[in-house]
Amino acid sequence: MFPQSGRRLNRVTILFASLVALGFIIATFDVRSDTNDVGNVLREGTQSVFTPLQKGVDWIATPVVGFVDGVANLAGLRDDNERLAERVRELEAQVRATDALEEQVLQLQLINGLEIPSELSTVAARIYASGTSPFDNVRYIDKGANDGIVVGQAVVDEDGLVGRVDLVSANDARIRLITDPVVAVGVRVQSTNETGIVSGRGDGPLRLEMFRATEPIREGALVVTDGSRFPPGIVVGTVARTAGAEVGFVLRSEVTPAARLSEVDYVKVIVGFSPIDAELESNTDTPGTASTTTSSTSPVSGDG
Amino acid sequence: MRRSRIVIAFAAVVIAIVLQTTVFGAGGIQPFGVAPALVTLVIIGVAPYIEAEYHILLGFTAGILIDLIGSGTLGLWAMTLTVVAFASTALRARYADSIVLSIVFTFALTLGGQLVYVFLGTLFGQETAAEPDLVPKIILPAVWNALLAYPVFWILRVAFRPRDRSWTA
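Sequence lines, in order, name chains A and B. Under this note's numbering, think of the first position of the first sequence as 859, with each following residue one higher. Under this note's numbering, think of the first position of the second sequence as -16, with each following residue one higher.
Derived from the structure by calculation, the hints contain no laboratory data. Note that beta-carbon positions come from the ideal geometry of N, C-alpha and C, so glycine has one too. Check the hints yourself; a few may be wrong.
[Unchecked claim] Just a sample of chain B residues kept apart from chain A, beta carbon distances all over 10 Å, derived:
1. Ala20
2. Trp60
3. Val87
4. Lys120
5. Val135
[To be verified] Pairwise CB distance ranges (calculated):
6. Leu942(A) - Asp116(B): 23 to 33 Å
7. Ile(-2)(B) - Arg1118(A): 27 to 37 Å
8. Arg(-14)(B) - Glu1121(A): 41 to 51 Å
In isolation and in its complexed conformation, chain A is listed as follows (with noise of 0.2 Å):
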């Protein structure tokens, strides 16, 4: 037992306090270090070892969990059906107007001359893993560099942008959330058209920023990616609170995420869109081998 000795209580103490400083220093490099290659090739080591074990349980356990959660709300489902149905009937005559819109879009950028810009492509790719922590906001994903993805792309899901790649291995990558407050996004309100950033805040509505803001925004505008380095137009989410600019001080305001990131299973990776960081990268990275990514703690300007 503890203590017995005197002489014993000052090793462990001593073990103790060295542990701690140095806990203190790996944390302090990993905070002060701009490109942390090190710190990324461990992540990548250890998250090798710990994939085949996660996609095991996780193909052993999810069953078992969907057919829990299924029994926990088997009450809600019916409300949940009549719900659905309805709105499938809402949304199948939205998709009418939209084809005949569509239609006319097509035939006037014809007419003018214009290049009609093609279809993203996308990985999908189902998560297998999170953080082990309420304060983690990472996914794992069975798709990497060998399916095409690289360090920077985007992420969707059928709602909006879940995050960005952040690490990628040769079969699988990882994701940080948008809900991250290392994720920055570079945005536009699609009701004022004026740009801004919006960034995590490690749990539900992100913070909005506004640059130059004249008019003032308001509550559910839609908020889409500015196309810096994401693609333009995904969405992002929805303005939470209204606010209006002030001569002298930064627009802000919160939106709510358009993803139901605690929900999330499967996801797409937009392969078609190269993001700045990532052709850099490329130049640097064998096809096929693991990449790294910005440091785990470094802000990331413009989107992500």
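Fit chain B to the given chain A structure using the hints.
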């Protein structure tokens, strides 16, 4: 004997990390949106079975592994779990033989660990203390750990002392 106990303790940590990131990860079992802190629970649970030095080293190693898998600054969980291991080593004589005290100490040590992490995260610029829903993220893992303490500690007891199925050491 000593080596086999360290191997068992390390294996328990690895299993806890895998379960934490999958079964209790995002989209998994998270009552009220927050999962139990399984690795912290295992660090507290193995305290009576391994020597103090090895236990503190195990806490540091488990923390580094969590840091490497998570998104936070490297070293924060290492420091946090080193503190938890040190505290649980110091207190193990008081709780190891009583299930009620084990549950109480598990709650207190997990809560302390979460608070230490929030403090360190804020100190190193992660804005952890400014996160929305901070209070549930600190308290709920301690509550879930207290509820899981009995079954998890029983499994650990069986693993470390296969012939001794009683709670009393």
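> Of the numbered hints stated previously, which ones are contradicted by the structure, given in increasing order?
Replying inline: Going through the list in order, the structure violates hints 1, 2 and 4 and respects the others.
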